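Respectively, the protein sequence lines represent chains X and C.
Using numbering that gives the first Met the number 0, you'd call the opening residue of the first sequence number 0 and step up by one each time.
Using numbering that gives the first Met the number 0, you'd call the opening residue of the second sequence number 0 and step up by one each time.
Worth flagging that the hints you see were computed from the coordinates, not collected in a lab.
Among the hints, a few may not be true.
No distinction is drawn between identical chains; accordingly, a pair holds when it is met within one copy or between any pair of copies.
[To be verified] Straight-line Cα separation of at most 16 Å, EDC-like style, residue types lysine to aspartate or glutamate; simulated pairs: (1) K41 <-> D229; (2) K48 <-> E68; (3) K441 <-> E485; (4) K41 <-> E231; (5) K81 <-> E67; (6) K181 <-> E155; (7) K99 <-> E185; (8) K140 <-> E406; (9) K499 <-> E155; (10) K333 <-> D494.
Quick caveat: nothing in here was measured; it's all calculated off a predicted structure.
Protein chains: 2
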Amino acid sequence: MQTSTATTASIMAFQSLVNEIHDLNATQALLGWDLETYMPEKGSPMRAKQMATLAKLAHNMMTSPEMEEHLRHLRQSGIPEKLDTMSQALVREVGRVYDKSRKTPLELLQEMVETTAEAHKIWVEARANKQFKQFEPVLRKIISLNQRFAEAQGYEDSPYDALLDEYEPGLTVKQLDPLFVKLKSEIVPLLKAIQNSDHTPDTSFLFDGFFPAEKQLQFSRQVLTDMGFDFEAGRLDLSAHPFSSGSSSLDVRLTTRIDEHDVFSALSSSMHEGGHGMYEQGVNPALNRTPLAEGTSLGIHESQSRMWENQVGRSRAFWLHYFSSLQETFPELKRVTLDQFYHAINRVRPSYIRVEADEVTYNLHILMRYEIEKALIEGDMRVDEVPDAWATKAQEYLGITPTNDAEGCLQDIHWSHGSFGYFPTYTLGNLYSAQFFNTAKKQIDGLESKIAQGNLQSLKSWLNREIHWVGKMETAGTIVQRVTGEPLNAQYFVDYLWTKYGEIFKISR
Amino acid sequence: MQTSTATTASIMAFQSLVNEIHDLNATQALLGWDLETYMPEKGSPMRAKQMATLAKLAHNMMTSPEMEEHLRHLRQSGIPEKLDTMSQALVREVGRVYDKSRKTPLELLQEMVETTAEAHKIWVEARANKQFKQFEPVLRKIISLNQRFAEAQGYEDSPYDALLDEYEPGLTVKQLDPLFVKLKSEIVPLLKAIQNSDHTPDTSFLFDGFFPAEKQLQFSRQVLTDMGFDFEAGRLDLSAHPFSSGSSSLDVRLTTRIDEHDVFSALSSSMHEGGHGMYEQGVNPALNRTPLAEGTSLGIHESQSRMWENQVGRSRAFWLHYFSSLQETFPELKRVTLDQFYHAINRVRPSYIRVEADEVTYNLHILMRYEIEKALIEGDMRVDEVPDAWATKAQEYLGITPTNDAEGCLQDIHWSHGSFGYFPTYTLGNLYSAQFFNTAKKQIDGLESKIAQGNLQSLKSWLNREIHWVGKMETAGTIVQRVTGEPLNAQYFVDYLWTKYGEIFKISR
């Protein structure tokens, strides 16, 4: 098949427009990174203006008559099949985003921007005062805006589906409900069994000592290098909250946060962000300057970070190799055995705060949020009912009740940003990571012994080849099916938890 | 007088367009800073694309039909007088740039971009090989493009005027010629007198020791803080070549370069860049997000950097205060007296390389370049004559002859960038700085004793008030007239040199 001259011209102009939009987005990412790392403090009002201008220009280009014309031509019946696969994927992905942009009334977007700018300030204050009541009115407005957004986008079963689609394209309540039912039915008993076991790992030595920032950073950099993070195409810096920000496969910025009285958390978040960063670095460079160079979905992105953070970074195999060099770096740890350390970093304890949660309880935190968000968006819960619902669910799933709203429903920043439908992607990441890692163990000969010898590159190469390289050319669903031979299946994660924690706490199902 | 509704609407839309263009330029500046400081090395091809996209969008907005329409309306007879002074200045300055953009054929711009991208690579290679012949063909093309550019812009006397105007608006050969004649006639004899004096300051201790980077950086930061550089609105980092880059008065980035076997040069370039940076920080914040927030011209900008680098940083008064703390920081200097140090940092010695030149010989380097550039652009010199012309002038003004082209006409990057007419702004900076400093001494009670007590803020406040605050609301000519009561006058610089170096070398006119 031959493409016509008109099609060739159109696809070239289309790609060039997409490249320019992506340049603006990549620049935006750098401005955001700079804001969190090196920007002098007085720079923030100007930075906000610059970011708003870039966002506006990118939006204008995305919804421009040229874009409309290119997509109209390139989506005509018979045309897409004549394109190469990358162009096909580009037309599909850009078309998807274009359609969503066009469905969203501009005044709704603007109202959302204004409301959330205000909401963020209110949330900060309400959290400081531990008073959900202060946040309630603006949260009510945010929910109503999200409902309007869902109506504008359209959905099949639940308005919450339209919100999920923003973060995990194609994900629905119909798919999520059984996953969470499964998790609840398996993890709540696991947690009870752990709590009833005789073993309570000592974690005091993780915090008992002075672990200089420079040494921690150096250790993190060494592990990231061993993992295969390319420091010629990336960096690791410090920021108040760890994050990963990529503008292309050739420039990926990670950050971590260091507490000099905590030997493990900076390393753990470095490995987490390294997983995100290596995903971006691993995408086919031919996809750079297009949205295809990004991770295919937040859930798949999170699977990469969680795999390195947990399946690797909290595994006995990893520490078989790294514990002695950690002890060399921080001699305080010389009095601690490998098993004591391994158990300490895998302690399980229900806690109020999601971001401090262990692997076992983490998804119960997400479950609570999922149920509450869905009920709010579907109109089955009033906003003033949130604190009570939170307390009830925390008691039911975690066995604890927050003593105030800051420990409860005010702890997360997400709602103040207007983000509803985001939380479930954290759980998807955990589930995907276990399923992928299970396949990796089957396909990489002696993976765990390799890790125990400090060879992290065989896992990295496998991830590069199986998951990273395609970027957004394939959807999350296609990738998980191709790589693991089946759709997302929560059983792998449940089995992973039971096996690992069964061994540590000497319990069984 | 009242502005009409149409004018009010137009000025608001005009300002908003100008703001957005400036946001793109400010973002561009940050991308450039990042490129030189923290960008991982593989990031450069993508960075080039991002910068090209931002430049293209800014250019498109600058030459858009909206801009044309706003300027047409706002420049109509009777309208400008009705605007506030800031809007008047904005219309004038944006109009000036718009007119220049409109006069430049797009294909000429593109040819310049392509030619200089190529030329830069050729120049790097030719310089490494010390072969001007290799650079000659592309330099010929660059000169011809500059000539075409000058013809497109138009000029009164010399095509070189149109090039000067790019860097120092309004500057002409007619103004420059007598300045350089004066400098030549005064500095060549001064240099000879210095060379004939019995005194040759010892400089060996400046390079004899190990001066750790961290300590040098800390010393530079302390001096910058004392000068009044606001580290809450700026930073100091390291890069291969020192520079200053501002995106608003609230975010100014300086860089320096450290040689651990050189105790003075990093501090000196920090003070130089600090002078640039404090200019940008000192502009009225109401001018942010407009081109009026930038320095009014390269010459005035350079006057600020040279004043802090030389009039302050190479003065005995400054070191009366700072020498003991430098000795504390670098104990190697404890065996050196204040006078030995002061003389060492003011040694005068003709050298091949401009960027290593002292205050006395520096402008002779610029003079050579000015004469050669002007002759090339005016068609009075062939490109193949450059090396000989260079050798002749170096011998005549400096008394030395380069042994190869890398020490001679290939040393500077500027021509490979296509920049003709830029060099004279360095000399203007030196002249302005002496003239301004002379006025400062008259207007600030006991300025030199203040400096000798470590009080640098009185000079800084004076510069803020007299020069910085107006930004580009006034032209260079207006500022120098307002501040010093007369137009640019080279006598102040000549007197400054004779006084200072007369004392050091015990010579007189």
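Right, here's what the structure says about each hint:
Taking identical chains as interchangeable, the C-alpha atoms of K41 and D229 lie at most 16 Å apart only when they sit on different chains, with a minimum of 10 Å there against 33 Å within one chain. Within a single copy, K48 and E68 get their C-alpha atoms no closer than 30 Å, and across copies no closer than 25 Å, so neither meets the 16 Å cut-off. Taking the shortest Cα distances, K441 and E485 sit within 16 Å of each other inside one copy (15 Å), while across copies they are farther apart (84 Å). Taking the shortest alpha-carbon separations for K41 and E231, only the inter-copy value of 6 Å comes in at or below 16 Å, while the best intra-copy value is 31 Å.
Proximity of K81 to E67 under the C-alpha cut-off of 16 Å is found in neither arrangement, the shortest distances being 20 Å within a copy and 42 Å between copies. Taking the shortest alpha-carbon separations for K181 and E155, neither the intra-copy value of 24 Å nor the inter-copy value of 83 Å comes in at or below 16 Å. Proximity of K99 to E185 under the C-alpha cut-off of 16 Å is found in neither arrangement, the shortest distances being 37 Å within a copy and 71 Å between copies. In this homomeric assembly, K140 and E406 never come within 16 Å of each other (Cα to Cα): the closest approach is 23 Å inside a single copy and 69 Å across copies.
Proximity of K499 and E155 under a CA criterion of 16 Å is satisfied in neither setting, with 39 Å inside one chain copy and 84 Å between copies. Taking the shortest Cα distances, K333 and D494 never come within 16 Å of each other, neither inside one copy (33 Å) nor across copies (70 Å).
Of the numbered hints stated above, those contradicted by the structure are hints 2, 5, 6, 7, 8, 9 and 10, listed in ascending order.
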